[in-house]
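Student: The primary structure of each chain is shown beneath.
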Amino acid sequence: MAHIRIDQADLTFRVRRHLRASFKDYVLRGLFRKSVNPVITVHALQNVSLDVREGERVGVLGHNGAGKSTLLKMIAGIYDPNGGVCDTNGRVSSLFDLTLGFEPDATGWENIAFRCYLQGETPRSVREKVDAIADFSGLGDHLDMPVRYYSAGMTVRLAFSIATAIDPEILLVDEVLAAGDAEFQERAAQRIEDMMAQARIMICASHDLASLQRLCNRAIWLEHGRIRLSGPCPDVVAAYCQSLAPESRAAA
Amino acid sequence: MAAYLHDIWRCRYFWLSLVQLDLRTRYRGSGLGVGWSLLRPLLMSAILCAVFHKLFEVDIRVYGPYLLIGFAGWNFLSSVTLDGCASFVQADAYIRQHRAPLAIYPLRTALGAAIHLLLALLIVLILMVGLHGIRPIPAMMVFAPGLGLLFLFGWAVATVAALVNVHFRDTQHLCDVGLQMLFYLTPVIYPAEILQQRGMGWLVQYNPLACFLELLRTPLIECRPPSSSAFGVAAIAVAIAGAAAILMLSRLQRRLVFYL
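Residue numbers (our numbering), protein chains in the order written: chain A, 8 to 259; chain B, 49 to 308.
Same shape as in the complex, but just chain B (with noise of 0.2 Å):
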């Protein structure tokens, strides 16, 4: 394991060099560049909280954030997910050739979804300053635990889709559809309190995609630790998902070239 670790670490320069060259073509010959990955979100925010305000009275200005850093934890979601399916296949010219840890290709997709969460986390940050003025620095500075966490999990889960889309590459569609219930399952882009105040609470306790996103809801909107109960169970789906992949790797990475 340490030395797995370590061959990932001894080869950074590849894979940080391919996450570059990721964003470079993602957004190669367009104007806006990166800016599309934030104006998407910031759209779709307006837009939900004109119509939630009028809906439900709620507060833009508590809102306007919630279904910021919503997008935006669950477009990192659905991208480790999605994107995480092709890592395999996409480097394929790639693991033909040399022997690297397989790890790093869905490390790839991972830091290339976390470099566009953190963009968009940036502008709530720049939201709430200019909304609410200036707060206590340490206490927003709480979610990063909870990103960390989200990291690991998202690298996990792009290690598992990736081995399963070597197999079987109806995954994608069927990840594409299983996002799709889950994202309205979820409190996104609904208040959570909804769910509570309908008995329903259960679905954001134990959803651990819930609980991921309160960890980076709560210190960042409400200044204030999220709860320890979210910690636990985003911890636990990190310990499944990471168990799952290093399993699932440790058993498949010796064949896996001959499957792609």
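Chain A with its partners taken away, still in its complex shape (with noise of 0.2 Å):
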């Protein structure tokens, strides 16, 4: 029974303007005068409640930087929340930045392998679906080279193949929506929605509001890291339109 559970979730980090303290900001500025590389404390998302069940097809909107992907981390379990409950209950599947974590010097076979094995594939299974996700990639022989040498369009073509290759009971999008050529991209659009179809909870953010308005039956607007609004797809797509147009920010 797939069910996600999110109760007065908090989630801040902390980070600084370099990447890393220095040594010489430890020492030094820590003793002697104000650090250059201060802390910043992000409030990603700010007592957030959500109960998903099986069926249900939530939308997520709100400005960049509302905490639409990290909601979707923190549902993913990559994230963990600093106070409150994040539950997840059944096998998740996440379409997030879909060309990051290839091993740039293997073949587009052995990268298959890696990213099925992450997603907790054996080499049986592995064996059954390398078929299929080579064919839906349409890479043909390039899949013999190592995935270095791919153009960013092949890099998205091959993750998103095999990223959809699976099928969870609950799917998290986040704004893939549009990846590869024209010709890819439709079938992309129709492998999603196949997907979306069988996931028993899918949770996508997005910007593009006719296709969340197809795609989903629920909703929730994310400000600031809060939920603004939640409800069905309709109804919180056109409040937040609403905000968007001139005269309410006039208004406001």
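Just so you know, the hints here were simulated from the structure itself, not pulled from any lab data.
Possibly wrong hints are sitting among the right ones.
Just so you have them, the derived chain A footprint on chain B, three or more residues with Cβ under 8 Å [said to hold, decoys possible]:
1) 61-68
2) 145-155
3) 292-305
Take a look, some chain A residues computed to stay more than 10 Å from chain B by CB distance [as the list claims (entries may be wrong)]:
4) ASP14
5) LEU57
6) ASP215
Stretches of chain A that chain B covers, calculated by requiring three or more beta carbons in the stretch to come under 8 Å of a beta carbon on chain B [as the list claims (entries may be wrong)]:
7) 85-94
8) 100-106
9) 110-123
10) 127-139
All residues carry an ideal CB built from backbone N, CA and C; glycine is no exception.
Two chains, two separate frames, one set of hints: put the complex together.
Tutor: Below is the structure:
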């Protein structure tokens, strides 16, 4: 029984202006003067509660930096909330930064295996899927080449084909609806819709309001890490659109 | 704990294939391939044998394998520490995308180093047979538990190094300096007896790194089980390093992804 339960989850992380505090920063500045590399606290999610049950297709909307991706990563178990609860029951598949995590020196075939293993497959189940993945990617003989030499489009095609080859219970999608050339995009859109239809739960973050309305039956609107509105998809999308319209901005 | 180990086991195909890939990438396009990792200690040993033979009149037939095992063990320790530092940073793309037990990334480093160690020990075995003829195999096999302890120690050290390095990126350079100093404090290239004769035997007796080397050397060279005190010190070192790794991992793993 797939089920996601988030109860009053908070997620903050602390970053520094420069990636790393240097030794100099630790010792010198820490003792004698104000740090040039101060710690900045980011409240990515605040007091978010959400309960998603089987059959629900949830669209997540909001401006850039509203916490959409963070929410999805928290559901995927990559980020842990600082406070509150985030319980995810079910086999999760996530379509996030598709092109991340390829081994550049390995061939396309080998990368198919790595990715599948990472998603919990075994050599036997990979052998069953590898032809279908290769087929869908349409990369043909290029799969014998190290991924280092792939073009950006080819990498996306391969990544997408692998990521969508498993049938998850919970599908998390973050803005990957545009991948590859026109022909591939069409097939990709079809594939995603098939997956969404099969998955028990689907959560999709996107700026493409039209496709959200088509795919989702429920939506949440995130603003500055808080849920501003949650409800049936058409209502939330309508409210969101209204807030974007110039009149309401002038009024506010 | 058991659940965590089970999670590690469940994604075994992932880390095993990464280890395989690491080996392949490391020697990609090189003619000699993995032979390089063996040739270097062999050459070093040959030169040191020639020098020490003249200086201290040691028996090359004993000292040669002694040196080779010393280098093999030391290379393992230095590579789990130095490569271990990069375990998480290098794997950030995986860590950011999938929830998998973090300990698999240091494990990947430790396994890669262990394969090189095993290859080097295989050379030693062949050399011993060539130099001294067939010897009692069961007596030599007593090095296996020592090897197991050394591997666990390596995994724990790699985990600690990787965790520290995520928060403090100078770790690798510090470790480099530290290892250099330890190299001279540990009987890697000089016979341990030299220290014992000069009244510095405690340096060998209580140095866990020296004990790990003894666990490998005594069975392979002298065909007898190593001293129980060496086993004891090594086991304590494994327990301390393991406890540190588990403690740090359980405290830091939840927030680790934010520091990558």
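Student: Could you run down the list of hints and mark each one as holding or not?
Tutor: Evaluated hints:
{"no.": "1", "hint": "61-68", "result": "holds (count 4)"}
{"no.": "2", "hint": "145-155", "result": "holds (count 4)"}
{"no.": "3", "hint": "292-305", "result": "holds (count 3)"}
{"no.": "4", "hint": "ASP14", "result": "holds, 18 Å"}
{"no.": "5", "hint": "LEU57", "result": "holds, 19 Å"}
{"no.": "6", "hint": "ASP215", "result": "holds, 22 Å"}
{"no.": "7", "hint": "85-94", "result": "holds (count 3)"}
{"no.": "8", "hint": "100-106", "result": "holds (count 3)"}
{"no.": "9", "hint": "110-123", "result": "holds (count 6)"}
{"no.": "10", "hint": "127-139", "result": "holds (count 4)"}
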